[in-house]
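Asker: Okay, here's what each chain looks like letter by letter:
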Amino acid sequence: MQRRTLLATASAMMMALAAPALAQDEPLKVGFIYVGPVGDGGWTYQHDQGRLAIEAEFGDRVETTFIESVPEGADAERALTQLALAGNQLIFATSFGFMDPVINVAQRFPDVKFEHATGYKTAENVATYDARFYEGRAVIGTIAGHMTESNKIGYIGSFPIPEVIQGINSSFIHARKVNPDVEMRIVWVYSWFDPAKEAEAANALLAEGVDVIMQHTDSTAPLAQAQAAGAIGFGQASDMAAFAPTPRVSSIIDDWSPYYIKRVQAMLDGTWESGSSWAGIGEGEVVIGEISEAVPEEVRAEALALRDAIGAGEYHPFTGPLNKADGTVWLAEGETASDADLQSMNFYVEGITAQIPQ
Amino acid sequence: MIQLVPRQSASNTWQIATPLLAVLATMITGGLLFAIMGHNPVAAIRTIFWDPLFGMASSYSRPQLLVKAAPLILIASGLAIGFRAGIWNIGAEGQYIMGAITGAAVALALYPLEAWWLFPAMVAAGLAGGWAWGMIPALLRNWFGASEILVSLMLVYVAQRIAAWMAFGPMRNPQGMGFPGSRNLQQYPSASNPELIAGTGAHWGVVAAAFAVLATWFLMSRHIRGFHVRAAGTAPRAARFAGVRPAVLVAFCLGLSGALAGAAGLFEVAGPAGQITDRIGVGYGFTAIIVAFLGRLHPVGILLAGLLLALTYIGGELAQLTMGLPAASVQVFQGMLLFFLLGFDLLTRYQIRRRITA
Amino acid sequence: MMIDPLSVFLLLLGASTPILFAALGELVVERAGVLNLGVEGMMITGALAGFGAAYSTGNPFLGFLVAACAGAAISMLFAALTQVFLANQVASGLALTLFGLGLAAMLGKPFEGVRAPAMPAGPLRINWIVWLGLVMVPLVWWFLNRTRSGLILRAVGENHEAAHALGYNIRLTRLAAIAFGGAMAGVGGAFISIATVLQWTEGMTAGAGWIALAIVVFSNWTAPGVLAGAWLFGGVTVLQLRLQAAGVAVPVQLLSMAPYLATIIVLVAISARQKFSRRAGTGAPGSLGTNFHALR
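Protein chains in written order, with my numbering: chain Y, 38 to 395; chain Z, 1094 to 1451; chain H, 3 to 298.
Bound-form chain Y, shown alone (with noise of 0.2 Å):
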């Protein structure tokens, strides 16, 4: 009981200290924090580039600012205490690791309205919002099962969440639609961002006799070992174009300025309000790369309808008929995956051979 008193106590000294006094001429402040730096060219670079597209689009009516390289934990609640004292009243939280900092700091500063990226807990002032990049998977899952010769595709997992979970099975259902004979081999490297690691898992694919590579990682050093081996793979997160025509033929981009562009303009009309955002390629939130010449024109059209369909909502990624790999139906014919399935999946799908980590 008493514990309760004192943390009562100290956020009502909290709420105190931000008084977001705000003139109607002063710029809306937004805040960011990072979890990597602002050059790691994959993940963190990304949702900077969604800052940069808040200053393109608003200019002088409003004013970012970042936190970068910020741990997971106790420093994450202090950046975020720190940007909310600052004066933002938009505040966006970039990593999963700082959901209970999010809804901490929240709770403190009941002005502040705060967004945090693939998380799921909200809140009257915490919003979440993520991308749902499985749908990218299908479109580049298509192209891969297509080009694949060897009939091997490799995955590079960060890894075991649901997310990437989703990636997997999404890109595995499109390859096999296309061609049937098509395995897939996955490898986690525990790490988003390990270019050492991710080589080497690259390697291990290509010894395995993998010919298209996928990844659920940030950098490119994948994609420079699939060169060396004369095969092909798709760029994560950023555009990855350096490697382009190839082996990086399309990739599969994060593109946040659109979900911030629009948070940020519900800020100043004042009609911001909590929810759970999950946008995809309709939205504009995943974005295919440009497909290169070194794919045939017939596939490339084919991805490009498949991604116009799925943008359009003609199209689920997850359309039953589909089963689990143990066997038991999930989806029946024509039902399609339910979000809250999607968000805890924890399975792969019939004829993916591998056991996820538990």
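By construction, these hints were calculated from the structure, which means they are not laboratory data. The reader is advised that the hints may include incorrect statements.
Some chain H residues near chain Y, calculated using beta-carbon distances under 8 Å [as the list claims (entries may be wrong)]:
no., residue
1, Ser9
2, Leu13
3, Ala107
4, Leu109
5, Pro112
6, Arg148
7, Ala208
8, Val240
9, Gly249
10, Val254
We treat Cβ as the ideally placed atom computed from N, Cα and C, and that holds for glycine.
Keeping the supplied structure of chain Y fixed, place chains Z and H upon it in accordance with the hints.
Answerer: Quick look at chains Z and H alone, frame taken from chain Y:
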């Protein structure tokens, strides 16, 4: 020709003057660096050193100094005793991680039991975990003569992998939507380590750090063990005649520093960090080694050094936030500070004389 | 599921090269009695400098040369602190890592997003630098065991008081060793940026320097031991990934712990043999990690 002559005892004047000189030198060179990068050097230095203490939001950042400094001081106090005796525990990072894991294990095993004794039991488990991890190099040195420097360092890597294993396996939060990481102990009242007095930042870890400073000061200046430690460090042979048993001293120093590091880990995981993740070790154990040396292995010095480092962390964040300095330049600045402090330390231990050459 | 051992070995050669270079350098440093924990900082410096030079000139080999110089240059900060200002080696090494990571991140901004020139493949389609690493192993062994300079270096590391009494220049020997360690770490780091990833990104060495430190311990301070250690540490990762690729479920975390435990076991076994049989083996250099100050 310039000659260095060791001082009989460290000079009092220089004890105080050198850290000030080092900070001044850092301010000058760091200011130059910031100026070259196109920032206002005076404002940058003020933001890093002054604003966290007396700036706009200092009522928040001052307590945060304690939160950031507490684990550093707690760990460094223990390490310094060993360092004085010539026993080199550089694996505090591993002991910190193991203390966090064993302490959290108690809470996670008993979840959702609410009992007054739970938190004390966790502290005991954290102490024991760190102690046990520190005793491994102690015993291997006593039995086989294996270097404790190297064994304790190797055990850091092992502990990091145990943490990853725990976060993905045995300790994974069953309600965590498939994400790695344990339950958040902040949301488990009996197990949490909250702020004790609102607005002070002081949690039990801060109390423990303060106690550690006093206790180690008492130990080193008033207790026979402290005499043994100093004797072993300055004159190992003579110490044997004075009744010092080296094996006992090795076990004492490594066990004590391990236990304190373990406690620091527990206070952190139950408080500011909240959960066991694969990145629970954020480098406090290594930074504490630097703190111990900056503090000249003296309890009061360690207290000040811990606070100084915490200041540069928090000030560095503020500089990112308010001036847009990249995190990397702040890191360079911190590196300079360490270099200057370590280098200038020469003046306390040696006299510089001009040698008269015939 | 059969896995072709030759394919694993070829993967291993590339994967172990950065840690092999860094560990060979650190071996010489430690044999001179100096413990430099700043390997990670020197590697990242080399990774950036090498990439920058390779990109600017279009010549990857020039990149490696520049990386070696940059690694040696930044190691001189550590050398100045520990050999001139007599600061503690552990603390100075940690500071060097912090500084190096920050400096490389700061100076690396202009090189983000661009690509390194392709390297011509060496004999047997194995990278020239991989070959260089393999050649360095016998060279370092020969230097340490068969040359007069190597003998002096070992004497300095084993007992600096005695070496000083014999009239050897402790400080100069150690400075040279530290510079060599920095150069080798720089080349190791550059292998990651120039040959493996072909791009520069912040923090790209991702802890390789720390593995190099473990390898030196595993090696029992011998050059062939370093090669064995680099292959063990690299091999466990490669094998683990290779098994995964073949569809075999492996306990990744437990497996990745194994080389470190093996290192501790090796260290204990060698220390025990020295302690109980009183035979002069190699083992840790006697003056490792301690500073020397001559009174005269």
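Asker: Which numbered hints are broken by the structure, listed smallest first?
Answerer: 4, 5 and 6
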